[in-house]
Amino acid sequence: MSDTMNKKQVYLFGTCLIDMFYPQAGLDAVALLELSGYEVIYPQAQTCCGQPPYNSGFKPPAVTIAKQTIQLFSAKDIPLIVPSASCAGMIKHHYPTLFDSETLETKQAEQLAHRTFELIDFIADKLPYNQQPLRPPTKVTLHESCSALREMNVAKTWRHVLNKLDNVEVTYPENKQECCGFGGTFSVKSDAISAVMTQDKCHNLLKAKGNKILSGDSGCLMNIGEHLKFEGKKDPCLHLASFLVDHFGLSHAH
Amino acid sequence: MPTNFAIRIKQALADPELRANFRGAMDFLRNKRQVAFSNEDEWQALKKQGAAIRQDAIQRLPELLTQLEHQCLNNGIQVHWAQDDQEANTIILEIAQQHQAKLVIKGKSMATEEIELNNFLDKHNIECIESDMGEYIVQLDNEKPSHIIMPAIHKNTPQIADLFERKLGISTPKGDVDALIGVGRTILRKKFEQADIGISGVNFAIADTGTLCLVENEGNGRLSTTAPPVHIALMGIEKVIPNIKALPTLQKLLTRSATGQHITSYLNLISSPRKSDELDGPKEVHLVLLDNGRAKISQDQQLQSTLSCIRCGACMNHCPVYTRIGGHAYGSTYPGPIGQILTPQLKGIEQEGELLDACSLNGACGEACPVEIDLPELIRTLRHRRQAASQKQWSLEKMVWFIWLQIHQYPRLYRLTTKLAALFRTLKLNKPANWTKTRTTPKPAKLSLHQQMKIRSKIRDENENE
Numbered sequence: 006m007s008d009t010m011n012k013k014q015v016y017l018f019g020t021c022l023i024d025m026f027y028p029q030a031g032l033d034a035v036a037l038l039e040l041s042g043y044e045v046i047y048p049q050a051q052t053c054c055g056q057p058p059y060n061s062g063f064k065p066p067a068v069t070i071a072k073q074t075i076q077l078f079s080a081k082d083i084p085l086i087v088p089s090a091s092c093a094g095m096i097k098h099h100y101p102t103l104f105d106s107e108t109l110e111t112k113q114a115e116q117l118a119h120r121t122f123e124l125i126d127f128i129a130d131k132l133p134y135n136q137q138p139l140r141p142p143t144k145v146t147l148h149e150s151c152s153a154l155r156e157m158n159v160a161k162t163w164r165h166v167l168n169k170l171d172n173v174e175v176t177y178p179e180n181k182q183e184c185c186g187f188g189g190t191f192s193v194k195s196d197a198i199s200a201v202m203t204q205d206k207c208h209n210l211l212k213a214k215g216n217k218i219l220s221g222d223s224g225c226l227m228n229i230g231e232h233l234k235f236e237g238k239k240d241p242c243l244h245l246a247s248f249l250v251d252h253f254g255l256s257h258a259h
Numbered sequence: 016m017p018t019n020f021a022i023r024i025k026q027a028l029a030d031p032e033l034r035a036n037f038r039g040a041m042d043f044l045r046n047k048r049q050v051a052f053s054n055e056d057e058w059q060a061l062k063k064q065g066a067a068i069r070q071d072a073i074q075r076l077p078e079l080l081t082q083l084e085h086q087c088l089n090n091g092i093q094v095h096w097a098q099d100d101q102e103a104n105t106i107i108l109e110i111a112q113q114h115q116a117k118l119v120i121k122g123k124s125m126a127t128e129e130i131e132l133n134n135f136l137d138k139h140n141i142e143c144i145e146s147d148m149g150e151y152i153v154q155l156d157n158e159k160p161s162h163i164i165m166p167a168i169h170k171n172t173p174q175i176a177d178l179f180e181r182k183l184g185i186s187t188p189k190g191d192v193d194a195l196i197g198v199g200r201t202i203l204r205k206k207f208e209q210a211d212i213g214i215s216g217v218n219f220a221i222a223d224t225g226t227l228c229l230v231e232n233e234g235n236g237r238l239s240t241t242a243p244p245v246h247i248a249l250m251g252i253e254k255v256i257p258n259i260k261a262l263p264t265l266q267k268l269l270t271r272s273a274t275g276q277h278i279t280s281y282l283n284l285i286s287s288p289r290k291s292d293e294l295d296g297p298k299e300v301h302l303v304l305l306d307n308g309r310a311k312i313s314q315d316q317q318l319q320s321t322l323s324c325i326r327c328g329a330c331m332n333h334c335p336v337y338t339r340i341g342g343h344a345y346g347s348t349y350p351g352p353i354g355q356i357l358t359p360q361l362k363g364i365e366q367e368g369e370l371l372d373a374c375s376l377n378g379a380c381g382e383a384c385p386v387e388i389d390l391p392e393l394i395r396t397l398r399h400r401r402q403a404a405s406q407k408q409w410s411l412e413k414m415v416w417f418i419w420l421q422i423h424q425y426p427r428l429y430r431l432t433t434k435l436a437a438l439f440r441t442l443k444l445n446k447p448a449n450w451t452k453t454r455t456t457p458k459p460a461k462l463s464l465h466q467q468m469k470i471r472s473k474i475r476d477e478n479e480n481e
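Those protein sequences? They're chains X and S, same order as listed.
The first sequence begins at 6 in the numbering used here and counts up one residue at a time.
The second sequence begins at 16 in the numbering used here and counts up one residue at a time.
Please note that a few of the clues may not be correct.
Partner residues aside, some chain X positions facing chain S, computed with beta carbon under 7 Å [what the hints assert, rightly or not]:
1. P28
2. T52
3. P66
4. S195
5. A197
Think about it this way: if two alpha-carbon atoms lie no more than 25 Å apart in a straight line, the pair counts; the simulated DSS-like pairs of lysine-lysine are [stated by the list, open to error]:
6. S:K413 / X:K72
7. S:K473 / X:K12
8. X:K161 / S:K452
9. S:K458 / X:K194
10. S:K461 / X:K238
11. S:K461 / X:K194
12. X:K217 / S:K469
13. S:K47 / X:K194
14. S:K290 / S:K362
15. S:K25 / X:K194
16. X:K13 / S:K469
17. X:K234 / S:K63
18. S:K362 / X:K194
19. X:K234 / S:K461
20. S:K362 / X:K64
Keep in mind the hints are simulated off the structure, nothing from the lab.
Note that CB positions come from ideal geometry on N, CA and C, so glycine has one too.
So that you can see chain X by itself, here it is in the shape it has in the complex (with noise of 0.2 Å):
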């Protein structure tokens, strides 16, 4: 028999930018949930949370998209983990409030935001922080996404695990609080202002002077390191998640 039944149970909600172009992001997930003591169940069925269409002005297909993501969620009554404090934040502050009040899929759009928890958050303090191998000493930038400073508000604990590390000093940027200007479709829609925002990030995150660029939002990230690979420098960029897997030296988990 498998050791599984005994363990504790969370979903994983890969997003949609990290299952098509960061899934390594979330295996590194899974691997730092495995190794708090849960077993990751990742339904094939989840797609995308349906935020893009509903920041763009687009509620109907959002509400869609979210009525099939909370049925989704809640065959079981486990914690629903998210690696991306934007999408959290969509499932955990915005699907309550799409629906009409008193109904049953506000109730259950309560119950799935109660259960629903970023990463790094959820995790924070189950590592095994008298445990860390033995790093070579190393500097890394984080960037504090704007969903994870306000909306989740949930970068202190990003802040407080790094800090929890041996052998890593963090670095922050200039104007740290500012966003990196990639705010999804607005920086396709009002691309002239996204691109001098992300312009001003990279700038102030490159004079951090981290050897990587640390952050939990893969839509930051992208926006970053494209823009850096744009200008010809390399991209740095490595979600939380991945670097917590490489410090406490697990075996990525494929």
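Assemble the complex: chain X is given as a structure, and chain S must be docked to it using the hints.
Frame of chain X, contents of chain S only:
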């Protein structure tokens, strides 16, 4: 074809001096505010109080306005109701004409900007002089304010010195701000003496005492409302508050949020015209209550918090978009986040809805708002309203989201799509041009997370069956 808004954005972004002026000023204002609210518990408690006062006032708007009118009349202040900008302008013009006014001196007022009072009076041969230093500079250059608190924040000292030299023929020592202010002061002193009418805005109107409150730093507000024989105050109807007990909270929130000051140099409380035993003050005081779309907003449950605004400007100071493009680019009386939600509601979402796009929904404005207006949520809601009100049957965007929905509501189709994207990952497709102007195109992974998790669970199942 680029819209006017897009053109203005482009022009602003291409002006390094303008961008440096805004960046510097916004960083300065944000830092000052942060120091003023360095006690987190106090800030949380204050803004909670402020939000509650404002929400209550908006919910009781008709009652409080009736009370305000009644109390003002008792105090000898004449009260006028204006449904829109035209009515407000006409009311003010008629008062001015009754007094054969030729010269009006103005304290700073965004409401008068909203109704474009200066232009209107000018057409009727009444000269309007702005007495707030920033407003004076902006007026001298035939511009509009670029910020609701700091109207001339888009200009730096050398630009202002140059303006004074061109328009007034007065040169000042290089970089001497005091000298520039001295020039303005000397000119304006005369105008205060000569003016037939003083016009001001209102920061808060206290309903149960009929008191108009004016918050300012230069003393020009006090002079505008006391030196001329007639004072006309124009206020948006949402500025009413129930009683004087509400004032300290709002005053603290306003000045700290706006300029980081604990109190401004002048806090004026105007409760009546000159009394018979008084030697100075205006002989007549008029209050013009401007609706101009506000009553309608107050009845909309989803949007009414728009009216809680106390016009501190913190949302624009914290907005990364405003910091980059400045106030003029918006092309509206009120720029920045508050302007983005207010303007479409006042002027129609079809005409002004485009303003809503210039926002990355980063939430900085909502975090800084001292009366807890959830500005990002209002921007989102208005984007939904704009789409719902759209007359267009089909647009490119609508098509994109229609296809998006088809893919994402069928998990099999979604998985097939990501698989295909991975398969053709090295193809250089027709790229989304706006994205690739400053970025490379992200490349799909060889195997999606879905695929890798499927493989993983298969391996695990096999291991378990062994």
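To see whether the hints hold, each was checked on the structure:
1. P28: holds, 4 Å
2. T52: holds, 4 Å
3. P66: Holds, about 4 Å.
4. S195: At 5 Å from the nearest chain S Cβ, X:S195 passes the 7 Å test, so the hint holds.
5. A197: holds, 6 Å
6. S:K413 / X:K72: holds, 20 Å
7. S:K473 / X:K12: Between S:K473 and X:K12 the Cα gap is close to 19 Å, so the pair holds against 25 Å.
8. X:K161 / S:K452: Distance of about 34 Å is beyond 25 Å: violated.
9. S:K458 / X:K194: Since the Cα atoms of S:K458 and X:K194 sit roughly 21 Å apart, the hinted pair holds (cutoff 25 Å).
10. S:K461 / X:K238: The given pair, whose Cα atoms are some 23 Å apart, holds under the 25 Å limit.
11. S:K461 / X:K194: Violated: S:K461 and X:K194 sit about 29 Å apart, past 25 Å.
12. X:K217 / S:K469: violated, 30 Å
13. S:K47 / X:K194: Outside the cut-off at roughly 33 Å; violated.
14. S:K290 / S:K362: Violated, at about 41 Å.
15. S:K25 / X:K194: holds, 13 Å
16. X:K13 / S:K469: holds, 20 Å
17. X:K234 / S:K63: Given that 25 Å is the threshold and the Cα spacing comes to 45 Å, the pair is violated.
18. S:K362 / X:K194: With Cα atoms ~23 Å apart, S:K362 and X:K194 stay inside 25 Å; holds.
19. X:K234 / S:K461: Since the Cα atoms of X:K234 and S:K461 sit roughly 20 Å apart, the hinted pair holds (cutoff 25 Å).
20. S:K362 / X:K64: Since the Cα atoms of S:K362 and X:K64 sit roughly 23 Å apart, the hinted pair holds (cutoff 25 Å).
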